[in-house]
Amino acid sequence: MSSDARQRAHAQLRGAAGTLSTGAVNRIEADCPWFRDLRAEERAWVGQIVQAGIRGFLDWLAEGDSRVPNDEALVVSLFGAVPRTMAGVIDLQQTVDLFRLTIDEVEQRMEGLLDPTTAAEVHTAVLRYGREAAFAAAEVYARAAELRGAWDARLEALVVDSVLRAESDDEVLSRASAVGWSARGQVAVVVGAAPRDQDEAGVFDDVRRAARATGIDALCAVQGHLLVVILGGVSDPEKAAHRLLPWYDDGPVVVGPVAADLSHAHASARAALGGLRAASGWPEAPRPVGAHDLLPERIVAGDAEARREAIEAVYRPIASARGSLVETLSTYLAQGAAIEATARALFVHANTVRYRLAQIAELTGFTPNRARDALVLQLALVLGRQADAAGQAAQRAHLPRLSNAPQEADDGDESAGDL
1 MSSDARQRAH
11 AQLRGAAGTL
21 STGAVNRIEA
31 DCPWFRDLRA
41 EERAWVGQIV
51 QAGIRGFLDW
61 LAEGDSRVPN
71 DEALVVSLFG
81 AVPRTMAGVI
91 DLQQTVDLFR
101 LTIDEVEQRM
111 EGLLDPTTAA
121 EVHTAVLRYG
131 REAAFAAAEV
141 YARAAELRGA
151 WDARLEALVV
161 DSVLRAESDD
171 EVLSRASAVG
181 WSARGQVAVV
191 VGAAPRDQDE
201 AGVFDDVRRA
211 ARATGIDALC
221 AVQGHLLVVI
231 LGGVSDPEKA
241 AHRLLPWYDD
251 GPVVVGPVAA
261 DLSHAHASAR
271 AALGGLRAAS
281 GWPEAPRPVG
291 AHDLLPERIV
301 AGDAEARREA
311 IEAVYRPIAS
321 ARGSLVETLS
331 TYLAQGAAIE
341 ATARALFVHA
351 NTVRYRLAQI
361 AELTGFTPNR
371 ARDALVLQLA
381 LVLGRQADAA
391 GQAAQRAHLP
401 RLSNAPQEAD
411 DGDESAGDL
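If you count the sequence shown from 1, position 368 lands on 368 in my numbering, and the numbers rise without skipping.
Treat the hints with care, as some may be off.
What the hints assert, rightly or not - Estimated spans, in silico, between C-beta atoms of each pair: (1) Thr367 with Asp91: 56 to 64 Å; (2) Asp197 with Ala337: 42 to 50 Å; (3) Leu363 with Val222: 39 to 47 Å; (4) Gly47 with Ala166: 48 to 56 Å; (5) Ala213 with Arg39: 52 to 60 Å.
Just so you know, these hints were derived from the structure itself, not from any lab. Small disclaimer: the values here were computed from a predicted structure and weren't measured. Note that CB positions come from ideal geometry on N, CA and C, so glycine has one too.
Take these sequences, add in the hints, and give me the full structure.
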């Protein structure tokens with residue numbers, strides 16, 4: 001297009017810029033139901049984008065349509081005055097529809113505004129500029145998605161860190177909701193070595209995708225060298241964790257016990273981390289392994305929570321039951337798990353020993369004739385007796401002196417000499 005023809009076309013379109021913008025907005029309103037659902041302020045933003053697009057095209061046409069529009073400048077001219085939040089109001093497909101309808105409206109109206117000799121060339125220029133505008137829109141949405149992804153990753157890491165620190169307040173629950181946590185069902189925490197030489201964001205996406213495939217939620221973060229995954233809506237945490245094994249590095253993967261919700265997930269995390277620290281004591285452990293199954297290793301490693309669990313969930317039920325279950329268990333273990341020898345030592349029938357051992361298994365979930373279960377029971381006996389002895393000593397230390405107890409004689413008391 002010659003310079004004179006270009007300037008003439010520019011002048012003819014510039015005078016009709018307002019009409020073109022109004023016609024394009026009216027066309028969008030008529031053809032796009034989503035536009036009618038926007039708030040007045042948001043519709044005004046769309047109008048600003050349309051007006052900026054038409055002004056930008058006219059400026060580009062005046063400068064010379066042989067020059068490719070600068071991507072960065074085009075993004076600024078089209079979207080510079082529009083808040084970033086607009087990317088969350090209308091999606092990329094709706095933005096493409098916006099440009100398509102604007103271009104179509106401009107093409108229809110310019111037929112009556114331009115000389116026939118220049119209309120075809122301006123038509124080509126409109127299509128070219130519209131293509132670049134669409135690319136600019138795609139770039140805006142790509143940047144918004146990248147920023148949102150980075151923000152979500154930081155937010156998710158904060159949620160996981162708060163759970164590990166037992167700081168799951170309402171703010172943490174709000175953050176979790178912001179990254180897609182639906183806050184439904186029981187929760188369990190899975191920990192293991194993070195994969196090496198892999199993109200964290202890609203691993204997190206894969207983990208969340210695998211979790212969603214089974215109808216559960218997942219929050220992920222890398223803490224040091226560990227991959228921590230919080231699963232929500234789980235009924236069988238070890239089965240759910242088994243699906244995540246491809247994204248853990250070699251080594252043990254430990255699953256904490258289920259918690260009622262995210263607010264109580266710190267208990268599951270604490271048990272899982274304790275189990276991971278102690279897992280080296282059981283090289284043959286399955287993968288994944290429940291923290292409860294690592295109870296003896298956790299006790300030996302000094303895990304206070306495991307010791308408390310052994311006392312309250314294993315020793316106390318045995319000690320509180322009627323009969324001589326503690327004595328029977330202690331004798332059974334001392335006799336090398338021999339029922340007949342235990343019966344002779346206790347002066348009871350062998351069937352009585354069997355009955356008592358069955359009671360112990362029912363009360364605790366640990367069967368005395370299984371080696372690992374017997375180890376748990378043995379440790380629980382030791383810890384329970386120590387706790388009882390410590391409690392009795394503390395009770396004696398706080399007992400008041402009896403009224404008829406002999407009093408110490410003062411140095412100046414005459415009766416002291418008689419004694």
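A range of 42 to 50 Å was offered for this pair. Does it hold for the Cβ distance of Asp197 and Ala337?
Between Asp197 and Ala337, where Cβ atoms are some 48 Å apart, the hint holds.
Take the C-beta atom of Ala213 and the C-beta atom of Arg39, compute their distance, and say whether it sits inside 52 to 60 Å.
violated, 37 Å
Is it true that Thr367 and Asp91 lie within 56 to 64 Å of each other by Cβ?
holds, 58 Å
Do Leu363 and Val222 keep their Cβ atoms within the hinted range of 39 to 47 Å?
holds, 41 Å
Holds or violated: 48 to 56 Å for the Cβ distance of Gly47 and Ala166?
holds, 51 Å
Checked against the numbered hints given earlier, the structure breaks only hint 5 and satisfies all the rest.
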